[in-house]
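So the chains spell out like this:
Number of protein chains: 2
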Amino acid sequence: MPRRSITSFSNPAIKALRSLREKKHRQRERRFLAEGLRLLTDARESGRVPETLVMAERRDPHPLLDALERAVEETGGEVIETTPAILSKITGKDNPQGVAGAFVEWDTGLDAIDRKAAPIWLVAQALRDPGNLGTMLRTGDAVGAGGLILIDDCADPFGVEAVRASMGAIFTQQLARTRWKDFVPWLRAHEGAQLVAASLRDAVPYRGAPYAAPCFVLVGNESQGLPQAYEDACDLRVTMPMKGRADSLNAAVAAAVLAYEVLASIE
Amino acid sequence: MPRRSITSFSNPAIKALRSLREKKHRQRERRFLAEGLRLLTDARESGRVPETLVMAERRDPHPLLDALERAVEETGGEVIETTPAILSKITGKDNPQGVAGAFVEWDTGLDAIDRKAAPIWLVAQALRDPGNLGTMLRTGDAVGAGGLILIDDCADPFGVEAVRASMGAIFTQQLARTRWKDFVPWLRAHEGAQLVAASLRDAVPYRGAPYAAPCFVLVGNESQGLPQAYEDACDLRVTMPMKGRADSLNAAVAAAVLAYEVLASIE
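So the protein sequences, as listed, match chains A and B.
As numbered in numbering that gives the first Met the number 0, residues 0 to 266 make up the first sequence, in order.
As numbered in numbering that gives the first Met the number 0, residues 0 to 266 make up the second sequence, in order.
It should be emphasised that the hints constitute simulated quantities derived from the structure, not laboratory data.
One or more hints might be untrue.
Note that identical chains are pooled: a pair holds if it fits in a single copy or bridges any two copies.
Below, a list of computed lysine-lysine pairs in the BS3-like style, where the Cα atoms sit at most 30 Å apart [claimed, not checked]: (1) Lys-88 to Lys-22; (2) Lys-23 to Lys-115; (3) Lys-14 to Lys-242; (4) Lys-180 to Lys-88; (5) Lys-115 to Lys-180; (6) Lys-115 to Lys-242; (7) Lys-115 to Lys-88; (8) Lys-23 to Lys-88; (9) Lys-92 to Lys-180; (10) Lys-180 to Lys-23; (11) Lys-180 to Lys-22; (12) Lys-92 to Lys-115; (13) Lys-23 to Lys-242; (14) Lys-92 to Lys-14; (15) Lys-92 to Lys-22; (16) Lys-180 to Lys-14; (17) Lys-14 to Lys-115; (18) Lys-242 to Lys-88.
Since the structure is predicted, the reported quantities are computational estimates derived from the model, not experimental observations.
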């Protein structure tokens with residue numbers, strides 16, 4: 000497909016790209032946006048090539064941008080050149096990074112998870128903050144987790160804010176969206192999986208707890224925490240020191256402190 | 000001062016409160032907003048009473064709200080009753096929590112820090128994301144840190160998003176805003192302070208590193224990291240496992256993983 004130059008805000012292709020910033024359009028189109036040369040290069044090197052690549056006119060040349068263009072063209076995608084102002088509208092940023100891409104969402108059923116692929120998995124229950132989801136993906140990449148499993152009604156991991164916070168891990172971490180009632184039988188279908196949650200009840204100190212791979216680290220909703228029945232279903236409940244007035248950490252922080260402890264324990 | 004009922008969006012008192020959502024107005028007025036009964040109660044119990052308390056009409060009665068009203072009246076502050084729609088405009092939230100307060104900012108010079116008050120201090124350099132600042136305050140509360148020191152051009156810790164993410168720790172953690180050139184002499188004016196940073200250069204594993212109290216845990220800007228000269232000035236550079244493609248963690252996550260390790264080491 001030849002490359003197109005578009006300079007009108009009202010062009011249908013531009014409108015379609017912009018609409019992907021809204022959840023309802025993303026869900027209907029099953030496509031999402033990512034921006035910036037680094038993120039798009041992470042995607043390409045992970046085998047994810049955008050269906051549509053949008054670049055600012057008169058951008059600086061860059062070998063990674065050339066590689067991206069070639070990959071898009073080789074996979075039958077479309078390359079659009081446009082103005083910085085239109086790119087800014089698409090990404091919702093005042094200073095867009097010169098390039099953005101629209102990707103086809105991939106399958107996020109539990110079948111997408113190969114549990115043997117890694118010793119640690121992160122699990123988020125009803126997490127509402129997309130920044131927290133993206134940060135958990137990023138942390139998962141860092142600790143060598145296999146991916147992120149989203150339980151119940153979570154924020155959209157393909158939203159612009161989550162993708163941005165993931166710093167590319169949305170393209171490298173496996174991702175599943177499911178319900179608790181489906182997750183538990185899936186988890187228990189194979190022996191040896193350990194489900195761990197931070198908890199205030201009936202818990203052992205998180206440091207030196209008997210973690211075992213594959214370890215599934217579960218964190219709950221930002222304001223409600225985990226339902227008690229979910230905590231009860233865990234193999235291990237651990238508690239972290241809380242020296243101050245508050246009784247909980249930010250969800251993504253709790254996941255990270257716990258995941259790093261698991262990593263140190265099982266290595 | 001008697002309580003007032005205000006039902007007009009254009010009332011000057013309402014406009015003044017709304018304006019505190021913008022940094023330039025906060026800085027001029029040296030006042031900031033916090034919302035929600037829990038946050039305002041944390042503030043009150045920490046000795047911080049709002050100058051102005053705004054409540055929704057026909058709210059549910061609550062003993063903590065009564066205590067808040069009394070505290071405001073006793074300290075000569077003002078209580079305003081208004082509509083949920085106006086409260087929503089003030090807080091910028093679709094579903095405001097029924098109560099908000101405007102506080103006078105306090106001194107944030109380095110003199111505000113009593114380094115003997117705690118074994119851990121968090122230090123952020125040029126952190127631009129207010130959510131990260133708030134999350135660091137919250138983590139600081141959890142690990143028993145004394146407070147947060149902001150170096151160079153950081154986001155505003157009194158912004159609505161930072162205050163919200165701090166979950167009340169803005170009122171309990173000490174807070175200073177300074178420059179690197181002033182911070183280092185202050186730090187070195189007393190013996191024994193240890194400055195620690197996560198680094199990729201010339202670093203030891205973060206786990207089991209020789210931490211010592213008072214330990215100042217330093218994290219750098221979200222995209223640039225710390226300047227090399229700042230890393231060089233540290234007493235200890237530590238590195239965390241990075242098993243994936245990325246070479247860094249979210250700044251607030253890095254601070255938390257490191258701070259919990261310091262806590263385990265010095266206790």
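Now for the hints, and whether the structure bears them out:
no. : hint               : result
1   : Lys-88 to Lys-22   : both (16 Å within a copy, 24 Å between copies)
2   : Lys-23 to Lys-115  : neither (34 Å within a copy, 53 Å between copies)
3   : Lys-14 to Lys-242  : neither (50 Å within a copy, 39 Å between copies)
4   : Lys-180 to Lys-88  : neither (40 Å within a copy, 40 Å between copies)
5   : Lys-115 to Lys-180 : within (22 Å within a copy, 51 Å between copies)
6   : Lys-115 to Lys-242 : between (37 Å within a copy, 17 Å between copies)
7   : Lys-115 to Lys-88  : neither (42 Å within a copy, 50 Å between copies)
8   : Lys-23 to Lys-88   : both (18 Å within a copy, 25 Å between copies)
9   : Lys-92 to Lys-180  : neither (39 Å within a copy, 33 Å between copies)
10  : Lys-180 to Lys-23  : within (25 Å within a copy, 49 Å between copies)
11  : Lys-180 to Lys-22  : within (25 Å within a copy, 46 Å between copies)
12  : Lys-92 to Lys-115  : neither (39 Å within a copy, 43 Å between copies)
13  : Lys-23 to Lys-242  : neither (42 Å within a copy, 35 Å between copies)
14  : Lys-92 to Lys-14   : both (16 Å within a copy, 27 Å between copies)
15  : Lys-92 to Lys-22   : both (17 Å within a copy, 19 Å between copies)
16  : Lys-180 to Lys-14  : neither (39 Å within a copy, 49 Å between copies)
17  : Lys-14 to Lys-115  : neither (42 Å within a copy, 58 Å between copies)
18  : Lys-242 to Lys-88  : neither (45 Å within a copy, 35 Å between copies)
Hint compliance for this structure: hints 2, 3, 4, 7, 9, 12, 13, 16, 17 and 18 are not met, and every other hint is.
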